[in-house]
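J.: Residues per chain, in single letters:
Number of protein chains: 2
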Amino acid sequence: MANPPTIKEIAKRLNLAKSTVSRALHNHPSIGLRTRMQVQELAKALHYEPNQTAIFFQQKKTFTIGIVLPELSEAFFSAAISGIEDTANKSNYMVLLGQSHDDEAREKKIVEIMKNHRVDGLLVSIAKNTADYAHFEMLGKYDIPVVFFDRIPNLEKIHYVACNMQSGTLQAVSLLLEKGHRVIGMINGPEKLIASQQRTTGYQQAMQKRRLKFDASLIITSDLTKEGTRAAMKQLLSHKRKVTAIVAFNDYVSQDAVQYALEQQLEINKDITFVSYANLPLSSYMAYPPIASVEQYPYQQGQKATEILLELLSGKSVSPTFHTVTLDSRLVLAPGK
Amino acid sequence: MANPPTIKEIAKRLNLAKSTVSRALHNHPSIGLRTRMQVQELAKALHYEPNQTAIFFQQKKTFTIGIVLPELSEAFFSAAISGIEDTANKSNYMVLLGQSHDDEAREKKIVEIMKNHRVDGLLVSIAKNTADYAHFEMLGKYDIPVVFFDRIPNLEKIHYVACNMQSGTLQAVSLLLEKGHRVIGMINGPEKLIASQQRTTGYQQAMQKRRLKFDASLIITSDLTKEGTRAAMKQLLSHKRKVTAIVAFNDYVSQDAVQYALEQQLEINKDITFVSYANLPLSSYMAYPPIASVEQYPYQQGQKATEILLELLSGKSVSPTFHTVTLDSRLVLAPGK
DNA sequence: AAATTTTGCGCAACCGTTTGCGCACGCACT
DNA sequence: AGTGCGTGCGCAAACGGTTGCGCAAAATTT
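Chains B and F supply the protein sequences, listed in that same order.
Mapping the first sequence onto our numbering, position 71 (from 1) lands on 71, and the numbers just tick up by one.
Mapping the second sequence onto our numbering, position 315 (from 1) lands on 315, and the numbers just tick up by one.
Incorrect hints may have been included.
[Stated by the list, open to error] Simulated crosslink set (DSS-like; lysine-lysine; CA at most 30 Å straight-line): (1) LYS60(F) to LYS61(B); (2) LYS60(F) to LYS141(B); (3) LYS61(F) to LYS108(B); (4) LYS18(F) to LYS115(B); (5) LYS141(F) to LYS60(B); (6) LYS44(F) to LYS61(B).
It should be emphasised that the hints constitute simulated quantities derived from the structure, not laboratory data.
Please model the complete structure; the sequences and the hints are all you need to start from.
T.: Take a look at the structure:
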């Protein structure tokens, strides 16, 4: 149909007022059973479908939530999206997508566009070098709630769900210590990422538990690019103490680090052992998988974040309490280790 | 702001008509320079942002395209989405997401919701057991163009971009033949998938080229589940001729098949060799990667499909020609093979 | 039979923006 | 001075629905 049937159309055919038709379709009690039936039958016959854009406009609600994240093709995020989409769909919400490519400017632009599209709420995992959060804080003015997940900004008064890397890191380093490693390097992310801080803390705790002294020079901060990883590896391998194990920031970093180690004629799992964080659920597919991996539950994070957002959207009262969910990360041994 | 500024607001403050303000903001020539400036300044001062939902409603256009595909967390699709989102964003389109989980009913529902949300167009990769295409054909009535990608329905008169598996399969089987394999098994997908037919054809062509006779019993149709793969493997390994190489439908199937082979005490790349199709760009990460993999260019497919859709959306004339783009698949050797 | 309540429906405004049309004014041209 | 035209702006309808309010007829009460 070039002209899909409207309420007005139905009203005209039945000699009723638009309002009556509208109410009849909604089973409003003040409409007689007779006319209600007539309306509904005609509506069915004409294949009437309410024009959602009109409703969105009128109700100031779009039943759409926006997702902003760094990179769709990273396995971690695609798993998260899957969780988000699944739970959003259960409540008949749709999901609008945007990737920042870890670029703050793009992130800002996407948020802006999403705001203009009048999404009801936002789910965000911030770009790794986003330093200014004004574009998110601005959303408060528009009553657009935001729930951050995984990569969360260092702010008070936000909703978020994240995975605490501390526990997993503690377990990871402990495992390495048990296996006899004493000089354990760590390739960490930018310091302003909470997740980086948690990794450091977890590392320290593990050492402390064993009453071993903590050597800060074993933790290298990297920008997580391939070059950054290689630089970090170079630094670690030339450390005055002989590094026999490395905790990599994630599986991508691990992959790059392994490659570098191989180039240096090191034998994996003999000269040097890796532990990593499972950004990809597929670490079982890797050629030189880390001996263990810290699971971060991307699907569950997405799911939980969405649930929180949906609750915020349904709740009329703007309660001043902030939802902060922290899943514990957990070390998972590689199969057969 | 509970009440974001509107055109009416600006008009009131400047003692102008709404229409004048609207035109001024759009630099309509029939508005004097003086007032145009005044309006634009005040708009900036008030942080005026047009209400997109109103515009969508009025213009019957949402600058949104819907994506419907089986599984977000499959690497192939997330790469495709990435391509879609990138090119859509360049034209200021947003992307609405829905996954069918390979379930026809869900697929129908998603399409329905997207139609109601008045997406301007749709990008679809169909669920693997979708047999009825009525929900897509219906979109024609609503002037919602659809471009299929990768998993395309067996229909005439559709727009699509897909990767022809034939060329890649031909190359793959040829490679195996060169390496001396003579009994080559194939785990194929449902016969009604075009991609399955292409694989069969490619296989046959490779044999024909070498003047070898084609043994249809070496091609097993599977539903691509893990169980299906195992059943297929069982059948192949008990074939009266000794199968020394297998062409797996994709990397997931390959993975399951490798696992089964290992359980049967077979040595990979010695007793049996695998070739696969790269649904995951990450096959380099795999523990027992196939010796070669047919590349399907997910990002490019997504990109191209989006370009076609955007062109359809911009073109006023509903040209009766259908865009059908077929990329050639290409065999890629595993690193070091 | 009159007064009151209930039932069933219509009127009109509203959400924010765009756009066809008309109108008044000033200017230039005969 | 009369005609004509371009310039700059306002009026109002339209997009498709929802909703507060009012009003008549029917049903109930006294």
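J.: A separate judgement is required for each hint: does it hold in the structure or not?
T.: So, going through the hints one by one against the coordinates:
1. LYS60(F) to LYS61(B): Satisfied, since the Cα-Cα distance of roughly 17 Å is no more than 30 Å.
2. LYS60(F) to LYS141(B): holds (28 Å)
3. LYS61(F) to LYS108(B): Status holds; Cα separation ~24 Å.
4. LYS18(F) to LYS115(B): Cα-Cα ~23 Å, so holds.
5. LYS141(F) to LYS60(B): holds (28 Å)
6. LYS44(F) to LYS61(B): holds (25 Å)
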